[in-house]
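Under my numbering, the first residue of the sequence shown carries the number 35, and numbering increases by one thereafter.
Think of the hints as simulated: they come from the structure by calculation, not from any bench. On a predicted model such as this, the values are computed, not experimentally measured, just so you know. Among the hints, a few may not be true.
Quick list of the computed label-pair ranges, beta carbon to beta carbon [stated by the list, open to error]:
#, residue 1, residue 2, range
1, Lys202, Trp156, 20 to 28 Å
2, Leu108, Asp305, 19 to 27 Å
3, Ala123, Thr359, 37 to 45 Å
4, Gln195, Ser48, 44 to 52 Å
5, Lys317, Gln85, 41 to 49 Å
6, Gln318, Gly249, 43 to 51 Å
7, Lys118, Asn329, 53 to 61 Å
8, Trp156, Ala105, 42 to 50 Å
9, Leu108, Gln63, 15 to 23 Å
10, Ala260, Ser48, 18 to 26 Å
Below 20 Å or equal to it, Euclidean Cα-Cα: the simulated SDA-like pairs (lysine to any residue) are [unchecked claim]:
#, residue 1, residue 2
11, Lys51, Lys104
12, Lys169, Ala105
13, Lys104, Ser90
14, Lys118, Gln85
15, Lys202, Pro148
16, Lys117, Asp87
17, Lys314, Ala351
18, Lys306, Tyr348
19, Lys104, Lys202
Note that CB positions come from ideal geometry on N, CA and C, so glycine has one too.
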Amino acid sequence: MPTTYTIHLKNLQSADKTFWCFLNFPESQISADVYANSSANLTVSQHQHGQDDSFSIPLQYVVQAGASNKAVALNTLIQSSIKKNTDLATAWHADYYPANKGPSLYVASDEPAPGNKEVDVWTNDFDKSQEPLQKWFSSLTFGVMSESGFMGVTWSPDPEQTYRIQPKVQFYVATGNFESNKLADITAISSKAANITGDSFDGNNECTVTLKTNGQWLVEPGNTNATSNGDSTLLSNLVKTNMELATAQSMLVAMYSGQLPSGTPSVLRTDKYATSTGIKIKKQLSLTEGDGEENILITGTITIATAIAVGFAYMIASGITLTITRRAATGLEFDFNYNGTRGAEAVQQAFAAGQSIDFRTA
Numbered sequence: 035m036p037t038t039y040t041i042h043l044k045n046l047q048s049a050d051k052t053f054w055c056f057l058n059f060p061e062s063q064i065s066a067d068v069y070a071n072s073s074a075n076l077t078v079s080q081h082q083h084g085q086d087d088s089f090s091i092p093l094q095y096v097v098q099a100g101a102s103n104k105a106v107a108l109n110t111l112i113q114s115s116i117k118k119n120t121d122l123a124t125a126w127h128a129d130y131y132p133a134n135k136g137p138s139l140y141v142a143s144d145e146p147a148p149g150n151k152e153v154d155v156w157t158n159d160f161d162k163s164q165e166p167l168q169k170w171f172s173s174l175t176f177g178v179m180s181e182s183g184f185m186g187v188t189w190s191p192d193p194e195q196t197y198r199i200q201p202k203v204q205f206y207v208a209t210g211n212f213e214s215n216k217l218a219d220i221t222a223i224s225s226k227a228a229n230i231t232g233d234s235f236d237g238n239n240e241c242t243v244t245l246k247t248n249g250q251w252l253v254e255p256g257n258t259n260a261t262s263n264g265d266s267t268l269l270s271n272l273v274k275t276n277m278e279l280a281t282a283q284s285m286l287v288a289m290y291s292g293q294l295p296s297g298t299p300s301v302l303r304t305d306k307y308a309t310s311t312g313i314k315i316k317k318q319l320s321l322t323e324g325d326g327e328e329n330i331l332i333t334g335t336i337t338i339a340t341a342i343a344v345g346f347a348y349m350i351a352s353g354i355t356l357t358i359t360r361r362a363a364t365g366l367e368f369d370f371n372y373n374g375t376r377g378a379e380a381v382q383q384a385f386a387a388g389q390s391i392d393f394r395t396a
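Sequences are here, hints too, so could you generate the full structure?
So, in structure tokens, the structure goes:
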């Protein structure tokens with residue numbers, strides 16, 4: 035199963051906006067003139083509570099070989115003659131022919147396979163000089179197919195060439211007068227678009243792109259459409275959180291001064307539960323105490339599926355307690371310290387993706 039990235043969309047403007055998603059150039063240099071080619075678009079109304087529009091993008095790569103009576107250039111409409119799904123570490127033959135015959139595309143079993151991060155496309159010895167005379171122009175396209183349409187890059191191939199394509203996870207979300215599969219300038223698009231890289235996504239490979247009222251873009255990890263209902267609800271949640279923290283602080287002061295109301299538990303504890311999406315161990319140090327018992331110090335980072343508010347000091351799973359040292363602004367990532375007798379393997383298993391974590395204030 036290919037990895038799927040989800041880009042959630044939020045339109046804060048009063049008018050409906052059509053969001054387009056574009057794939058950036060591959061890591062490798064493939065041609066001097068490469069154009070954006072996308073049919074992935076969604077029209078999104080002004081954001082309301084419960085609304086969640088998104089681009090769902092499985093990294094199922096696609097190779098397309100085309101031929102038409104228009105040269106590969108800005109605003110050319112690409113209508114591919116043949117396209118194939120491809121895995122990385124696969125080589126293909128793209129064979130082009132004289133006027134009015136479409137190209138062929140097949141696995142190049144007679145050629146060495148590329149590295150496991152690349153796709154190769156080998157072209158035949160067609161006569162490119164005849165293309166303007168015959169009004170029959172070749173094209174080569176690489177990209178991914180999303181649930182909302184194709185997004186990729188297109189260029190005019192040369193004969194007897196090996197195109198080594200190393201894709202990268204980088205997308206642009208833009209609004210504008212684009213047309214499906216009509217070639218566009220990715221450099222011009224990127225200057226006015228939301229830039230989404232691999233680091234923009236959370237542990238569930240989700241992020242949210244917001245078009246703000248002033249026309250600027252905001253990119254945040256996770257699905258904020260699922261955790262917020264607009265500015266008023268965000269403010270309400272902040273007020274509620276501050277009130278809860280103020281109440282907890284008052285009870286702590288009362289507890290230490292012996293003034294807790296009758297029936298109040300002797301240990302004040304506020305719990306929240308979240309599901310882990312992954313743990314990363316950064317450092318592990320083993321120390322031997324005076325009695326010969328080994329003590330293990332561990333630091334690392336844990337990501338979770340649902341944001342947790344400020345105010346929690348500990349994370350607990352399978353009887354293992356971690357001390358929180360840093361909470362990311364998103365509430366989805368926490369740095370921790372561990373000081374105990376359990377090793378890194380036990381900590382990793384207890385807080386692995388899918389495990390339930392108990393967040394506590396005390």
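Hint by hint, here is what the structure shows:
Checked against the given bound of 20 to 28 Å, the beta carbons of Lys202 and Trp156, roughly 22 Å apart, stay inside it. Taking the beta carbon of each, Leu108 and Asp305 are about 58 Å apart, not inside 19 to 27 Å as hinted. In this structure the hint that Ala123 and Thr359 lie 37 to 45 Å apart at CB holds, the actual value being about 40 Å. Between Gln195 and Ser48, the C-beta spacing of about 50 Å keeps the proposed range 44 to 52 Å intact.
Checked against the hint of 41 to 49 Å, the C-beta distance between Lys317 and Gln85 comes to roughly 43 Å, which is consistent with it. A beta carbon spacing of about 48 Å between Gln318 and Gly249 agrees with the range 43 to 51 Å that was offered as a hint. Checking the proposed 53 to 61 Å range against Lys118 and Asn329 shows it holds: the Cβ atoms sit about 57 Å from each other. For Trp156 paired with Ala105, a C-beta distance near 22 Å fails the hint of 42 to 50 Å.
For Leu108 and Gln63, the Cβ-Cβ distance of about 20 Å falls inside the hinted range of 15 to 23 Å, so the restraint holds. Distance hint check for Ala260 and Ser48: the Cβ-Cβ separation is about 23 Å, which falls inside the suggested range of 18 to 26 Å. Between Lys51 and Lys104 the alpha-carbon distance is near 31 Å, which puts this suggested pair outside the 20 Å criterion. Using a Cα cut-off of 20 Å, the hinted pair Lys169 and Ala105 holds, with the two alpha carbons roughly 8 Å apart.
The straight-line distance between the Cα atoms of Lys104 and Ser90 is roughly 31 Å, outside the 20 Å bound, and the hint therefore fails. Between Lys118 and Gln85 the alpha-carbon distance is near 35 Å, which puts this suggested pair outside the 20 Å criterion. The hinted pair formed by Lys202 and Pro148 meets the criterion: a straight-line CA distance of about 16 Å does not exceed 20 Å. Proximity of Lys117 to Asp87 is assessed by CA-CA distance (about 28 Å); at most 20 Å being required, the pair is judged violated.
For the suggested pair Lys314 and Ala351, the alpha carbons sit about 15 Å apart, so the restraint of at most 20 Å is met. With a C-alpha separation of about 11 Å, the suggested pairing of Lys306 with Tyr348 holds against the 20 Å cut-off. With a CA separation close to 29 Å, the supplied pair Lys104 and Lys202 exceeds the 20 Å bound.
Checked against the numbered hints given earlier, the structure breaks hints 2, 8, 11, 13, 14, 16 and 19 and satisfies all the rest.
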